[in-house]
Amino acid sequence: MKRIKYLLIAAVLAITCVNTAFGWGQKGHDTVAEIASRHLTPTTAAAIDSLLDGKSIVYYANWLDNASHTPKYIYSITWHYKNIDADQTYESAPTLSRGNIVTALNREIGIMLDPKQPYSERVLALKMIVHLLGDLHQPMHLGHETDLGGNKWDVKYFDRKVSLHKLWDSMLPESAHKWSYTEWADQIDRLPAQRAETLMQGGINDWAKETYNICTQVYAATPKGTKISYDYIAEWTPTVEECFLKGGLRLSDILNAIFDPQYTPKSSIDFHRP
Numbered sequence: 001m002k003r004i005k006y007l008l009i010a011a012v013l014a015i016t017c018v019n020t021a022f023g024w025g026q027k028g029h030d031t032v033a034e035i036a037s038r039h040l041t042p043t044t045a046a047a048i049d050s051l052l053d054g055k056s057i058v059y060y061a062n063w064l065d066n067a068s069h070t071p072k073y074i075y076s077i078t079w080h081y082k083n084i085d086a087d088q089t090y091e092s093a094p095t096l097s098r099g100n101i102v103t104a105l106n107r108e109i110g111i112m113l114d115p116k117q118p119y120s121e122r123v124l125a126l127k128m129i130v131h132l133l134g135d136l137h138q139p140m141h142l143g144h145e146t147d148l149g150g151n152k153w154d155v156k157y158f159d160r161k162v163s164l165h166k167l168w169d170s171m172l173p174e175s176a177h178k179w180s181y182t183e184w185a186d187q188i189d190r191l192p193a194q195r196a197e198t199l200m201q202g203g204i205n206d207w208a209k210e211t212y213n214i215c216t217q218v219y220a221a222t223p224k225g226t227k228i229s230y231d232y233i234a235e236w237t238p239t240v241e242e243c244f245l246k247g248g249l250r251l252s253d254i255l256n257a258i259f260d261p262q263y264t265p266k267s268s269i270d271f272h273r274p
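With the first letter of the sequence shown counted as 1, position 1 gets the number 1 in our numbering; the numbers rise by one all the way through.
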């Protein structure tokens with residue numbers, strides 16, 4: 001499977017997507033990856049250690065946000081989100097030919113499962129999966145195309161005008177808790193094993209729909225011009241925590257299913273190898 005064909009639309013994407021913002025912020029992506037790393041089997045952990053030359057998945061958790069702005073990886077700039085406008089449903093929203101977060105995740109998982117793929121492609125696919133699973137659980141990544149996923153939806157964060165996307169990307173998590181990513185993981189990754197496995201159920205589309213439902217609630221609760229208060233932060237902090245936790249647990253399930261033949265996946269993703 002070759003990626004070079006995606007470079008043909010690089011110039012167009014560079015023009016049309018200049019206002020696109022990514023999320024979560026660094027701490028959010030690190031937290032998702034840290035939680036996932038704590039649920040990897042020894043076999044999976046060893047395989048990842050080999051692929052990433054001893055670096056952890058946390059090291060690469062935010063890599064794609066920067067890479068997508070470079071000529072080499074510009075083809076992936078639309079892979080961070082799926083646009084669903086207010087007059088559309090998840091099912092009726094069109095899928096762009098250049099792909100979105102759902103098609104990208106399915107594609108990269110397929111690369112990881114294909115033994116014919118070269119080493120370099122598998123390394124790249126792993127980095128992308130780690131990042132995109134985090135993005136899949138950021139509500140504004142299933143937002144409206146008309147406002148660029150909340151990037152053109154301004155609210156007032158105390159004395160600052162910010163976009164709704166930026167609020168959810170980094171400001172809300174940072175306001176919720178002044179924790180490091182390891183402290184985030186320590187505090188929210190405390191579920192009994194059976195409950196954690198329940199959260200791993202479903203597939204990419206199911207999780208995207210779940211995030212989309214949260215996104216519609218965020219839009220409704222945050223009209224343009226909303227003054228973000230401490231009450232707002234307190235109300236939505238549990239949602240942020242849940243999104244981080246689900247992202248991490250589900251990432252671990254995908255990685256374990258890919259790398260450990262003895263692992264029984266909890267999700268409904270097709271991990272069949274060609």
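None of these hints come from the bench; they were simulated from the model.
What you are looking at is a predicted structure, and each value in this text was computed from that prediction instead of being measured.
Careful, some of the hints might be misleading.
Within a straight-line C-alpha distance of at most 25 Å, the following computed DSS-like cross-link-like pairs (lysine-lysine) qualify [to be verified]:
1) Lys-152 with Lys-209
2) Lys-127 with Lys-116
3) Lys-224 with Lys-156
4) Lys-156 with Lys-116
Derived CB-CB ranges, DEER-like [to be verified]:
5) Ala-221 with Ser-92: 39 to 45 Å
6) His-272 with Thr-216: 40 to 46 Å
7) Thr-146 with Gln-201: 18 to 24 Å
8) Gln-88 with Pro-192: 36 to 42 Å
9) Pro-265 with Asp-53: 24 to 30 Å
10) Thr-43 with Trp-179: 35 to 41 Å
11) Thr-43 with Gly-203: 20 to 26 Å
Glycine residues also receive a C-beta, built at the ideal position from the N, C-alpha and C atoms.
We went through each hint and held it up to the structure:
no.: 1; hint: Lys-152 with Lys-209; verdict: 22 Å, holds
no.: 2; hint: Lys-127 with Lys-116; verdict: 18 Å, holds
no.: 3; hint: Lys-224 with Lys-156; verdict: 9 Å, holds
no.: 4; hint: Lys-156 with Lys-116; verdict: 51 Å, violated
no.: 5; hint: Ala-221 with Ser-92: 39 to 45 Å; verdict: 24 Å, violated
no.: 6; hint: His-272 with Thr-216: 40 to 46 Å; verdict: 33 Å, violated
no.: 7; hint: Thr-146 with Gln-201: 18 to 24 Å; verdict: 33 Å, violated
no.: 8; hint: Gln-88 with Pro-192: 36 to 42 Å; verdict: 38 Å, holds
no.: 9; hint: Pro-265 with Asp-53: 24 to 30 Å; verdict: 27 Å, holds
no.: 10; hint: Thr-43 with Trp-179: 35 to 41 Å; verdict: 30 Å, violated
no.: 11; hint: Thr-43 with Gly-203: 20 to 26 Å; verdict: 23 Å, holds
Violated hints for the displayed structure, listed by number in ascending order: 4, 5, 6, 7 and 10.
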